[in-house]
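Participant: Chains as they are written, first to last, in the numbering used here: chain A, 1080 to 1403; chain B, 9 to 270.
Rather than coming from a laboratory, the hints here were simulated on the basis of the structure.
Be careful, since some hints might not be right.
[To be verified] In silico negatives: residues of chain B with every beta carbon more than 12 Å from chain A: (1) P19; (2) K59; (3) L62; (4) S78; (5) G87; (6) N89; (7) D96; (8) S113; (9) L118; (10) L169; (11) R203; (12) A205; (13) D217; (14) N219.
[Stated by the list, open to error] Partial list, derived from the structure: chain A residues whose beta carbon lies under 8 Å from chain B: (15) K1191; (16) A1195; (17) V1214; (18) K1218; (19) T1224; (20) R1264; (21) K1265; (22) P1273; (23) P1275; (24) V1278; (25) T1281; (26) S1283; (27) R1291; (28) V1320; (29) K1369; (30) I1398.
Using N, Cα and C, we set each Cβ at its ideal position, and we do this for glycine too.
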Amino acid sequence: MSNVFVLTEHRRGQIRDITFEMLTKGRELAEKLNGKLTALILGNNIKAQAKTLTEHAEEVLLIENPQLENFNSDAYQQVLSNLIQQFKPYLTLIGHTSYGVELAPRLSVSLKLPLATDCIGLKLENDQLTITRQVFGGKVNVDATFNEAEGYIATVRQAAFPQEETEVKGEIKEIPSPLLKEGERKRWIEYRLPPPGEVDITASDILVGVGRGIKDEGELPAIEELAKVLRGVLACSRPIVDKGWLPNDRQVGSSGKTVKPKLYIALGISGAFQHILGMKESDLIIAVNKDPNAPIFSAADYGIVDDLFKIVPALKQKISEMKA
Amino acid sequence: MDIIVCVKHVPETAEAELKIAADGKTMESIGLVFDVNEWDDYALEEAVQIKERLGGTVTAITVGSDAADSTLRKCLARGANHSIRITDSKIENSDGYAVAKILHSAIMNLPYDIVFTGAQAGDDGYSIVGPALAELLDVPHATMVKKIQIDGSSVKVNRELEGGLEEVLEVKLPALLTIQTGINEPRYVSIMGIRKAMKKEIKILALSDINLDEEEVGESGSWIKVEKMYLPPVEKQAELLKGSPEEVSAKIAEILKAQGLI
């Protein structure tokens, strides 16, 4: 009852970063609970990955089955339900990712265990677990507690916690898969890669990113001109791709590209964490936004609180003058 | 094809200044503009497009106070045939799980081939209602859907993964799909369209009408309980450049030049 489970997230043979972030946080919580940290890994032919996990958790539960070759939430739900019912961990951590979002709510309903999603904080004080999550697009934080139950489940935001090295030498325990015949309701077919675009924004030293601050497609050429004067390339946040104003290979963020240019200018981008995740490693970040409380100003080196349409022409002119 | 679309009436907060209410647990809603949740907008459009192609009906359903009627009116104006609002004073402070139970009790007796929800709500951002509702309805589901192909008794969907990657799944009908933004182009509704929709019926249901106990909703029926709401602590803050557009532009140009970027 005092153990912490971490579900390993992996795709195409690679363990994803969120796993190690959760293991770091999970270890801290397990120590407070005087419990054990257990990494769960479900897949097919994944012994090597399980071995890697022994450097991060005392115990690694390995469940292999051909049906677990690619992520399928139905198969995962069956296996996890069995494991959680058998071992009764105090807390199970799952990534708040495309996989975790597909899996966790359903699993929680079926097990009747409460779930908190998209956690950026998990704190144990006097046997009380408090989670922190964000609402209203990251503008407000919420501390919340679980309604009491036998165990709890939380999905964890990517990059919310650091990864730390440990001296742990864990053991692998193989658990037979409870899966019988293949599920019929939901079948994984294939991965689909976006077609390569004309521009590779990850190759550019200078990126000018635009977001919701532009209200019309006709406003894009002015921004593109600024990018040109800077010898940079136009990039954007999600809403611009959703509206069909730029192709998705221009999108910076967790569902788009991760970029590390020498200069990133964010224009009218509020700074949802998904976007920040894709550009925070840029050498120099300059943000222009009308809202002084926009989260983008926490990621930027320099900020201007103003209308981007006043700044863009003035900046373009100054840079042209300087180059002349 | 009969489709039920679950929609939520949410405040637009991207450009609004937000204030925490005096209780320290909720948001001050005065001055905020409410509209259809962005993800639900795409879900409704997808449903209406499928109806226009294959026939059938679209029903928009929401959980909320009478203020949410404007969101249902918009759905009706965009092509929904029916609308339902479940309301009760006990519903306040419900999390995604409690809302899923309410929707389940209302939907379980309705005919449907597909239930749509948005992939998340722009206010509380739980991403719970869709898959939790699917479990309660005992139908298969897929989340963060970017493309749908209906193929007789099943659907092929593209799910959005990280880094631009997608995966294709085949899901048997009836099913629940949560819709990601960008899947289509939601149509424009004219004021005239909304006016016409004013004449259509919004069916109002209370908890007693859907046979759900009070304990199943609100704080007691939720998974989590909000203890405190606060503005995120500022860990790092950009150096703010002040002055006229010309002045700040000159400052930026100097910074770029000093770093060898011009």
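Participant: It remains to establish, for every hint, whether it holds in the given structure.
Facilitator: Structure-based check of each hint:
Non-interface status of B:P19 relative to chain A is broken: a Cβ of that chain comes within 12 Å, the nearest being about 8 Å off. No Cβ of chain A approaches the Cβ of B:K59 within 12 Å, the least distance being about 22 Å, so the stated non-interface status holds. Here B:L62 stays apart from chain A, with its beta-carbon at least about 21 Å from theirs, past the 12 Å limit. Every beta carbon of chain A lies more than 12 Å from that of B:S78, the smallest distance being close to 20 Å; the non-interface claim holds.
Consistency note on B:G87: stated as away from chain A, and its beta-carbon is indeed over 12 Å from all of that chain's, at 20 Å minimum. Annotated as non-interface, B:N89 keeps its C-beta farther than 12 Å from every C-beta of chain A; the closest such distance is 26 Å. Residue placement check: B:D96 keeps its beta carbon more than 12 Å from all beta carbons of chain A (closest about 19 Å). In this structure B:S113 is separated from chain A by more than 12 Å, as the shortest Cβ-Cβ distance comes to about 14 Å.
With a least CB separation of 20 Å from chain A, B:L118 remains clear of the 12 Å interface cut-off, as annotated. The non-interface label for B:L169 is inconsistent with chain A: the shortest C-beta to C-beta separation is roughly 5 Å, within 12 Å. B:R203, annotated as away from the interface, keeps every beta carbon of chain A farther than 12 Å; the closest lies near 25 Å. With a cut of 12 Å on Cβ distances, B:A205 stays outside the contact zone with chain A, its closest approach being about 24 Å.
Against chain A, the non-interface label of B:D217 holds: every CB pair exceeds 12 Å, the least being about 23 Å. Its beta-carbon lying about 19 Å from the closest one in chain A, B:N219 satisfies the requirement of being farther than 12 Å from that chain. Interface restraint check: A:K1191 against chain B, minimum CB-CB distance 10 Å, threshold 8 Å, status violated. Look at A:A1195: its Cβ gets to within about 5 Å of chain B, closer than 8 Å, so that hint holds up.
Nearest Cβ of chain B to the Cβ of A:V1214: about 5 Å, under the 8 Å cut. The hint holds. Among the interface hints, the one on A:K1218 holds; its C-beta lies about 5 Å from the nearest C-beta in chain B, closer than the 8 Å criterion. The closest approach between the C-beta of A:T1224 and any C-beta of chain B is roughly 5 Å, which is under the 8 Å cut-off, so the hint is satisfied. The restraint placing A:R1264 at the interface with chain B holds, with a minimum CB-CB distance near 4 Å, inside the 8 Å limit.
At a threshold of 8 Å, the smallest CB-CB gap from A:K1265 to chain B is about 5 Å, leaving the interface hint in force. This hint holds: A:P1273 has a C-beta 5 Å from the nearest C-beta of chain B, less than the 8 Å allowed. Given hint, A:P1275 at the interface with chain B, is violated; its Cβ is 10 Å from that chain's nearest Cβ, farther than 8 Å. For A:V1278, the interface hint is violated, the least distance from its beta-carbon to any beta-carbon of chain B being 14 Å, above 8 Å.
Evaluation of the A:T1281 hint against chain B yields a violated restraint, the C-beta minimum of about 11 Å exceeding 8 Å. Nearest Cβ of chain B to the Cβ of A:S1283: about 12 Å, over the 8 Å cut. The hint is violated. This hint holds: A:R1291 has a C-beta 6 Å from the nearest C-beta of chain B, less than the 8 Å allowed. The interface hint given for A:V1320 holds, since its Cβ lies 6 Å from the closest Cβ of chain B, which is under the 8 Å cut-off.
The interface hint given for A:K1369 holds, since its Cβ lies 7 Å from the closest Cβ of chain B, which is under the 8 Å cut-off. With 8 Å as the threshold, the beta carbon of A:I1398 comes within range of chain B, its nearest partner Cβ sitting at about 5 Å, so the hint holds.
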